[in-house]
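Chain A is already provided as a structure; the job is to place chain B on it using the hints.
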Amino acid sequence: MLHPVMFRSLWQYRGFVWGSVLREFNGKYRESLFGAFWAVAGPLTMIVIYTVVFAQLMRPTLPGHESTRFAFSIYLCAGVIAWGLFAEMLGRMNSVFLEHGNLIKKANFPRICLPTIVVFSALINFGILLGIYLFFLTIIGHWPGWPILSILPLLVLQLLFTIGLGVALGTLNVFFRDVGQITGVVLQFWFWLTPIVYTLQALPVSARGFMRFNPLLPLIGAWQTVFLDRSWPDFTSLLPLAVLTLLMLWLGAWLFLGRVGELVDEL
Amino acid sequence: MGYLKVRNVGKAYKRYPSKWARLAEWITGREWHEKHWVLRDISFEVAPGEAVGFIGVNGAGKSTLLKIITGTTQPTTGSVDAGGRIAALLELGMGFHPDFTGRQNAYMGGQIRGLSTEQISELMPQIEAFAEISDYIDQPMRTYSSGMQVRLAFSVATALRPDILIVDEALSVGDAYFQHKSFNRIHEFSEQGTTLLIVSHDRSAIQNLCDRAILLERGFVIKDGYPEEVMDFYNAIIAEKENATVEVRRLEDGRAQTTSGTGEATVADIAILDESGQRVEFVDVGQVVTLHIEVITHAFIERLVLGYGIKDRLGQVIYGTNTHLKEQALLNVPAGTRYVFDIVFPANLGPGSYSIQTALCSTDTHLVNNYEWRDLALVFNVLNINKSHFAGCAWIDPEIKISTI
Numbered sequence: 000m001l002h003p004v005m006f007r008s009l010w011q012y013r014g015f016v017w018g019s020v021l022r023e024f025n026g027k028y029r030e031s032l033f034g035a036f037w038a039v040a041g042p043l044t045m046i047v048i049y050t051v052v053f054a055q056l057m058r059p060t061l062p063g064h065e066s067t068r069f070a071f072s073i074y075l076c077a078g079v080i081a082w083g084l085f086a087e088m089l090g091r092m093n094s095v096f097l098e099h100g101n102l103i104k105k106a107n108f109p110r111i112c113l114p115t116i117v118v119f120s121a122l123i124n125f126g127i128l129l130g131i132y133l134f135f136l137t138i139i140g141h142w143p144g145w146p147i148l149s150i151l152p153l154l155v156l157q158l159l160f161t162i163g164l165g166v167a168l169g170t171l172n173v174f175f176r177d178v179g180q181i182t183g184v185v186l187q188f189w190f191w192l193t194p195i196v197y198t199l200q201a202l203p204v205s206a207r208g209f210m211r212f213n214p215l216l217p218l219i220g221a222w223q224t225v226f227l228d229r230s231w232p233d234f235t236s237l238l239p240l241a242v243l244t245l246l247m248l249w250l251g252a253w254l255f256l257g258r259v260g261e262l263v264d265e266l
Numbered sequence: 000m001g002y003l004k005v006r007n008v009g010k011a012y013k014r015y016p017s018k019w020a021r022l023a024e025w026i027t028g029r030e031w032h033e034k035h036w037v038l039r040d041i042s043f044e045v046a047p048g049e050a051v052g053f054i055g056v057n058g059a060g061k062s063t064l065l066k067i068i069t070g071t072t073q074p075t076t077g078s079v080d081a082g083g084r085i086a087a088l089l090e091l092g093m094g095f096h097p098d099f100t101g102r103q104n105a106y107m108g109g110q111i112r113g114l115s116t117e118q119i120s121e122l123m124p125q126i127e128a129f130a131e132i133s134d135y136i137d138q139p140m141r142t143y144s145s146g147m148q149v150r151l152a153f154s155v156a157t158a159l160r161p162d163i164l165i166v167d168e169a170l171s172v173g174d175a176y177f178q179h180k181s182f183n184r185i186h187e188f189s190e191q192g193t194t195l196l197i198v199s200h201d202r203s204a205i206q207n208l209c210d211r212a213i214l215l216e217r218g219f220v221i222k223d224g225y226p227e228e229v230m231d232f233y234n235a236i237i238a239e240k241e242n243a244t245v246e247v248r249r250l251e252d253g254r255a256q257t258t259s260g261t262g263e264a265t266v267a268d269i270a271i272l273d274e275s276g277q278r279v280e281f282v283d284v285g286q287v288v289t290l291h292i293e294v295i296t297h298a299f300i301e302r303l304v305l306g307y308g309i310k311d312r313l314g315q316v317i318y319g320t321n322t323h324l325k326e327q328a329l330l331n332v333p334a335g336t337r338y339v340f341d342i343v344f345p346a347n348l349g350p351g352s353y354s355i356q357t358a359l360c361s362t363d364t365h366l367v368n369n370y371e372w373r374d375l376a377l378v379f380n381v382l383n384i385n386k387s388h389f390a391g392c393a394w395i396d397p398e399i400k401i402s403t404i
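If you're matching them up, the sequences are chains A and B in order.
Read in order, the letters of the first sequence correspond to residues 0 to 266 in numbering that gives the first Met the number 0.
Read in order, the letters of the second sequence correspond to residues 0 to 404 in numbering that gives the first Met the number 0.
Bound conformation, chain A alone (with noise of 0.2 Å):
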């Protein structure tokens, strides 16, 4: 991943990057009447119920917010938003070859081009729905002022994290589709073992400790900080997921650098 060759080639194809996630964000609606806002639909639908069966059921555990109206929803909103960029991302990259073999048996391209497309994409999906959750903060008055702009770098985590993986998921489902099967179950355990429609309080102590080893429970919490506690997230909670994502970023390049040659064979 770390090629300066890689970088070139996907600058020289900028074009057809960028093209291609314009198409498809207006392709994915352009024959519906309603466009982007099923883009939302998805999303805000899943924030509304949980919201409806959860809040009454929550509250008590967010402690130091009994005041605020809607915490509950803030803090699910944040986690939801934050997770649906990860799940999204990985749930892409993983068929993304697959997905495009067509083109790839047909043209030349740079194959780095296509996870490429699958960030950018899913990044717009996320600005749109982010963007209608800071207008509803500043609406409801909890504009969560300075810390915001921690969300960039935990933003750039958690690309850095979801690439490496995603490109290695992704490499290894063309040599073996299993891996594809195996993600979607694991992302729905992983959200489920995740604080985003429960907080971590409300867990017996037990069960807490366990939590320690998922690696995406201080990036959430993170999110949840800033938006809700309106304060800075503790940076030095992420250092494990940093090392982690260093050791994806390697094995996504490893994979995928050493077979993108054997891809086209597979597909």
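Hints should not be assumed to be uniformly reliable.
[Said to hold, decoys possible] Each computed SDA-like pair below joins lysine to any residue, with the alpha-carbon atoms no more than 20 Å apart: (1) B/K13 - B/F219; (2) B/K13 - A/L97; (3) B/K13 - B/H32; (4) B/K325 - B/T289; (5) B/K18 - A/R176; (6) A/K104 - B/Y12; (7) A/K104 - B/V79; (8) B/K18 - A/D264; (9) A/K104 - B/I85; (10) B/K18 - A/E261; (11) B/K34 - A/V263; (12) B/K4 - A/N107; (13) B/K13 - A/V259; (14) B/K34 - A/E261; (15) B/K13 - A/G257; (16) B/K13 - A/V263; (17) B/K180 - B/M147; (18) B/K13 - A/D264; (19) B/K13 - A/F175; (20) B/K13 - A/R176; (21) B/K325 - B/P345; (22) A/K104 - B/V37; (23) B/K18 - A/Q180.
The set of hints was computed from the structure by calculation and includes no laboratory data.
What follows is chain B alone, placed relative to chain A:
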């Protein structure tokens, strides 16, 4: 620019005995697969501006070779060194997205070839004009007929003149009008110095466009030479059956004569005779001549058909028929018989060099029983001695009536 060097290229696909074998290989690092070679030790060089046709039966490795040259597939051994921009039309379409409009797909097709959006916008009117699909350009691709897809694919791929153009049978899909149009464009490119690599089963396409042909068979290059010569050899291979042999003999003028067949019957003598029965090499336009062919049988043959064709300098058949079509097939022929066929016809041909190919078989085609197939069995020349000058390869002398109204 436009040169191509293919050195010792081989391609093997990995075959695993079971699904788990690959996993075992990845984990242990030991080789568990067997290699299935589709191309072996292919080496050739193409000079800038040269036009090369690739021929061979299905599965001979033509498409794989072109994919390796294009760069979409990696060779297992050897290397390819290509100079300049390559445009490739591999099979139908080019990874078009069915839900996107023709215009969007055209943009994508250009971008995937490394063009910038501004460049494509500049080329777009020309692409639209060449494809001639009118307002379909803004309709989703899934509403296109396959011919329309080819039109668009070809227009996009050739919007800019490439240094090397690779065409893999894509042209056979369009209608006659568009085929002509695309052939013209390929011709123009070729004249401007584009190197052409073409896969086709269409003899005339190869002979019209190419100045060289490469014949692939089971992953090997088995012949590399003039298109006519290679095509003859290819036809012979198609006809090859059981104990049939293919023999190539150099003629005095350097052309190769290809003979193939199982040998139950052979042409013993062949000549063109004038009215007085003298052997001639030069024939006047319109002169009545006799094609004299002597055939010897070496085994009992149930049904024997003699076919012949008159080919022009480029190897295109000007006229051909056989005794099956003329309902003069010989039945139950014993071994050791010598037959004489005297075929009388007026040489209504334009001036130039012509050759005769002969075929001895049992039916209409030489694909069922091929006793002997002989290309360039005889070469003769047509001269215009006493007719007024005319153009073309056929003498169709008219009577021109002119009047005023």
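Starting from B/K13, check that the Cα of A/R176 is at most 20 Å away, please.
-> It holds: about 17 Å lies between the C-alpha atoms, which stays within 20 Å.
Is it true that the CA of B/K34 sits at most 20 Å from the CA of A/E261?
-> holds, 14 Å
Is it true that the CA of A/K104 sits at most 20 Å from the CA of B/V37?
-> holds, 17 Å
Holds or violated: B/K13 to B/H32, with C-alpha atoms at most 20 Å apart | holds, 6 Å
Does B/F219 lie within 20 Å of B/K13 when you go C-alpha to C-alpha?
-> Measuring from Cα to Cα gives roughly 19 Å; hence the hint holds.
Mind checking the alpha carbons of B/K180 and B/M147 for me, to see if they're no more than 20 Å apart?
-> holds, 14 Å
Are the Cα positions of B/K325 and B/T289 separated by 20 Å at most?
-> Roughly 17 Å between the alpha carbons, so the hint for B/K325 and B/T289 holds.
If you draw a straight line from the CA of A/K104 to the CA of B/Y12, is it 20 Å or shorter?
-> Within the cut-off at roughly 15 Å; holds.
Taking 20 Å as the top limit, are the C-alpha atoms of B/K13 and A/D264 close enough?
-> holds, 9 Å
Given hint B/V79 paired with A/K104 - CA-CA distance at most 20 Å = Answer holds: A/K104 to B/V79 is near 18 Å, not above 20 Å.
Does B/K13 pair with A/G257 here, judged by a C-alpha cut-off of 20 Å?
-> holds, 16 Å
Straight-line Cα separation of B/K18 and A/R176 no greater than 20 Å?
-> holds, 10 Å
Hint check: no violations occur; every hint is consistent with the structure.
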